[in-house]
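Grab the two chains, each in its own frame, and use the hints to assemble them into the complex.
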Amino acid sequence: MVKLEEFNILVIDENPDRAAIVERGLVESGYTRVARIGTSHNLVERIQALAPDIIIIDLENPDRDTLEQMFQVSRAIARPIAMFVDQSDASMIHEAVSAGVSAYVVDGLRQDRIRPIVEMAISRFNVFDQLRRERDEAQAKLNERKLIERAKGILMKEKGLSEEDSYALLRKNAMKQNRKIYEIAQSVITAFQLEF
Amino acid sequence: MANKVRLGFVPLVDCAIPVVARAMGFAQQENIDLELVREMSWAAIRDKLSFGMFEAAHLLAGIPIAARLGLGGLPVQNIVVPMALGRGGNAITVSTQLYQRMLEADPNAMLGPRGRSARALKKVIDEDKAEGRPILSFATVFPFSSHNYELRYWMAAAGIDPDMDVNIGVIAPPRMFDSLRNGWVDGYCVGEPWNQRAVFHGDGVIVALKDDIWSRSPEKVLGLREDWAQSNPELVSALVRALVRAAEWADQPGNRVELAHILSEEANVGAPFEVLKASLSGKPVLRPGEPPIDLPDRHVFYRYTATFPWLSQGRWIGEQMKRWRQIPQDTDLKAVIPDVFRPDLYRTAVAGLDVLVPQDDWRIEGAADAPDRSLVGMDQFLDDTIFKAEF
Chain A
1 MVKLEEFNIL VIDENPDRAA IVERGLVESG YTRVARIGTS HNLVERIQAL APDIIIIDLE
61 NPDRDTLEQM FQVSRAIARP IAMFVDQSDA SMIHEAVSAG VSAYVVDGLR QDRIRPIVEM
121 AISRFNVFDQ LRRERDEAQA KLNERKLIER AKGILMKEKG LSEEDSYALL RKNAMKQNRK
181 IYEIAQSVIT AFQLEF
Chain B
1 MANKVRLGFV PLVDCAIPVV ARAMGFAQQE NIDLELVREM SWAAIRDKLS FGMFEAAHLL
61 AGIPIAARLG LGGLPVQNIV VPMALGRGGN AITVSTQLYQ RMLEADPNAM LGPRGRSARA
121 LKKVIDEDKA EGRPILSFAT VFPFSSHNYE LRYWMAAAGI DPDMDVNIGV IAPPRMFDSL
181 RNGWVDGYCV GEPWNQRAVF HGDGVIVALK DDIWSRSPEK VLGLREDWAQ SNPELVSALV
241 RALVRAAEWA DQPGNRVELA HILSEEANVG APFEVLKASL SGKPVLRPGE PPIDLPDRHV
301 FYRYTATFPW LSQGRWIGEQ MKRWRQIPQD TDLKAVIPDV FRPDLYRTAV AGLDVLVPQD
361 DWRIEGAADA PDRSLVGMDQ FLDDTIFKAE F
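Protein sequences appear in the order of chains A and B.
Oh and the first sequence: position 170 is 170 in the numbering used here, straight run, nothing missing.
Oh and the second sequence: position 62 is 62 in the numbering used here, straight run, nothing missing.
These are computed hints drawn from the structure, not numbers from a lab.
Warning: the hint list may mix true and false statements.
What the hints assert, rightly or not - Output of the computed footprint for chain A on chain B, the stretches with three or more beta carbons under 8 Å from beta carbons of chain A:
hint, stretch
1, 36-48
2, 83-96
3, 135-148
4, 179-185
For each residue, glycine too, the CB sits at the ideal point set by N, CA and C.
Chain B extracted, bound-state conformation (with noise of 0.2 Å):
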């Protein structure tokens, strides 16, 4: 008898880790039936996750640290993360309007690094401020999502207050673009494919991609109630192992194509083929009608240890709690980070595979020069900040 696992999923690109091991075959492996479901909320996932509707979800990192808080409204929720699931494809896109007006405001912020285009924000809203007009509105997906850390840390890098400058709403992603496109909000920062699609139908421009504010900001993480993976070791271990192995195959240059496809049905992403495939093959087409730009490292599921739940990764999103007042200022990150996140269940799964596993679990974020670069891929913050938190 296989062991039956339910995990729910957001719509994005980043569910293709679960969605590839079920498709391909990995979880039916380590005889694991795996049931797939699609759900349009992040509320809803974390509450079926935490009242026993599902055994492993596809999460924000942010939410098993708010869980574990018990922000959020709601009571303790103890939920381990055994690893990540990839890094994400999130950016930052703002109405064709809003971006005519950046640009006319600030053209070499424009043409600079995208990471800093956020001063030609800066201006606009400095216009806005001086003629009395009323303040721009942004989503994110979630308030405990790396959306809204980085969304914030783009706009605070060029001097923008995120909580008094401009209004900052949430709105579940596959909403977003309907959002854009009718006017209700300036800008958003979302996963993929809700970037794209909004450039492809000419609604929205994207002016700075995850790699250009920090590459390696954690995103979705895998999500187990703690008390099921208690009495469950080796069903979890089976689980982490599929879910590696599906993160290695979906993060195949060669397998990009078909990945798109499986993605494109209605019962996994169901977002247009080309818009999946423009994002998944390293060709993002960030303004309509411009020829797409060349960024292999767009999607990443495996290399660069992109599967490793890094305790200084859940760290980092514990101290933007932090920054934007989510959490008490005295919070002990450093106690709280190490039972949430779980590099010792990931460790306990993989070993004797073949998978490169780092030597520590917790690293120096940011460094230029870090010596682990080849394992690890770019790591800078576009405003070059250390990270350094230790454990």
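Bound-form chain A, shown alone (with noise of 0.2 Å):
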């Protein structure tokens, strides 16, 4: 029987702090033996030189065509690799795929040693997935707080007005015109930007 420790795994992906993301998940469940590479245009030699048991990849990379060269009963290979379904579990199939994840195992591994592989993989690029939305909204939220001030900025040099004032007028035509604050600042800036 492998233990758990002794799955050597390989996770795939042009995104290192995905990739980063998925090792450290993987690696405080017990498997210690993780690699990861990025894109490479020796990957078939890459791969056999690393001897994974499993390959996580995400389920978009181009390098996946690669891969499926290796199914082919091939002097490529040393042990014959399939791509891991869990044909008893749909909805784990229908989670896989919308997480963006696709496993592939070497021939003779157990489903259920591998499934809760698979089953860290798709929570962790979910958790990325995450991260990703609240930095990206985070981002746009900053942009619209940088919008307000230049706009405030604007009325206040243009129209003499203070910074509450400047403000309360931006406020007031966004709930006139049913709009974001951020939105009737960005018409300020561009209405200044055209006038000069």
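Structure (structure tokens):
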């Protein structure tokens, strides 16, 4: 019986941040032999050298077409590899596809040993997506605040309003037009840019 | 309410049919809201179709056959093919260095018919063997691609063993061009615009076109999940009609410049307009800096029954799988192919329209004097093979 830490897991990802998150999740669950690689032109040779039992790769990675070659009984690889699809568990297939995870395993590994690894990858991909969404939202918020600051500055300079009055003017117009304050701020900036 | 159909495609010239179906309103006329999803890998498209993220897909003709046979490490997936998506525009491109070596090794072979240019490659390979140099590397786009079978056919006809004399790997189409530029491969077989692009950049030379190998070799097809097709027969017919109409539009010489504009958009193929135009106008450039050659049939989307899912073409793909030992020699292709290629669905969809359909679902392929020559166009293998597999 192969112990957890004896699985050789390879994470292939063009996104080093996501690969790191997946790797950390696996290591924390007791899988210590985890390697990760990005895009490389000699993928087949590198995989041969690393001899993984399981490969985790994002579903849309173009390297997957190269991996498919290894399904062929060929001189390229000593151990046959197959895509992991747990047919007894339709919801898991759905979760994996929507999270964008695919997994390849060497022949002969038991499904119940692989499933927790794939589940871990799915949850880590989802965590990464969540983080990315939060970061994008934070970035968008910051940009909105910057727009409002600039519009306030323009109103103070051009209309001689105080900072509070400038903000109040933006807010009043936003409410009246049923738009967001930063949208009004953008209109103010555009309008004044046009004049110069 | 329009019927929503999600269709995955790979950025290649032959995604033109679904792209045109949406852009020119043919899908809308059939009350279909066609959502196109651009994918960078064949494996991703196959999986998203198999597991329900797409209803339809632009697929290599070999993928649904491989899926039905449970090849490629996946459990059996039942995908059906109600139509073909044109004849594609494949070519074999080699690096300029390899081209020079081929030219020096056998100038006569390089002047003769392009289908036979591999004779020069054979001499280069023999030289390398004698000198103990490492073997050359070639790439195709997928193990079950017509590109793989065309490249192997071209090589084998010149006495090259594609499994021993060269290294044939797989690279997704959008990455091909960089692989050649960076010297990771010495040549490849891929669809346009990835050949023409290498020539325009001065990194590659086209040594054989699909037409030089076998003009009727099947290329991309429309793939549908069988269970979805069974529960939505009217929608399948409407989708096929929309795509056949789009193919007819894309085939008109007068529409090719507009087609090149549509395809050059980033959401579609996203390649330079000039590169797409050269290929689509039937004026491909084979060698950097040289004038284009005249080849009106370089891209065929509709004429010559290019959208009909011929059983005999599907069978040819299956026989290539046998030839290169991807499937057991006793695989019953006569039984399998008609489950996958479904000319009956095509006939139902276009019934009553002015679409030319052949009388039979299969034909003897490669016969120079075939009576249906005006219907199917040029039909010749580079080695004059007659491919006869009855159904």
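Are there hints from earlier that the structure breaks, and if so, what are their numbers? 2
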